[in-house]
Amino acid sequence: MLFTNDMCEKIRENTNKYAEFVKSATIDKWEPIGVKKWAWKPIEDIEELFSYMAIILTIGIAKLPRIKYYWSSNPMFGNDQVKRTMDRFGDIYRFFHLSDRENQVSPNGPSFYMMQKLDPFMSCLRSNFQMHFELYPHLSVDEAIGRLGIVQYMPNKPVKRGSGLYARPSRICVRLRALLIVLWE
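Positions in the sequence shown are counted from 1; adding 1430 to them yields our numbering.
Just so you know, not all the hints are guaranteed correct.
What the hints assert, rightly or not - Computed cross-link-like contacts, EDC-like style, restricted to lysine to aspartate or glutamate with a CA-CA straight-line distance of at most 20 Å: (1) 1447 / 1475; (2) 1513 / 1478; (3) 1440 / 1530.
Because the hints were derived from the structure by calculation, they are not lab data. These numbers come from a predicted model, not from an experiment.
Model the full assembly from the supplied sequences, consistent with the hints where possible.
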């Protein structure tokens, strides 16, 4: 409902493109010494991507101290559904890419925008949220903090460093708006 097949198809294409880009950029370092570093198998269908996202959601809900514990054979930690996918999960995790890097503006360019990698994905999510959700008369606005490369320091917050996202919380999120504060030192 909120993640459409078109969105997942775009993510699949971008992830495969990014994996090929990284492979072509770094293969010269590994091939001469005989290391078989690149065993990347392209994501063929979006079902595999939906499985990857389901594992990400599981990891977000059932938190463990280390990511390797999700694949543990210890019944206290391991998840039987997640255990079978360790190698493939790691590959997709390494190359997961929301945006098409070929269409991005260079960080040195005059029209560079720090959220350009997330904008196409967020606009699709925003339209899906609004299409499938009826607004109630009383809604609040909440700030969700995430840890990304775009970091801001907020000394009075529980999470001191991160990036903010304004959201109207309810059963599902209605509207996302990125909060970007540039700090001058």
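| task | List in ascending order the numbers of the hints, as given earlier, that are violated by the structure. | result | none
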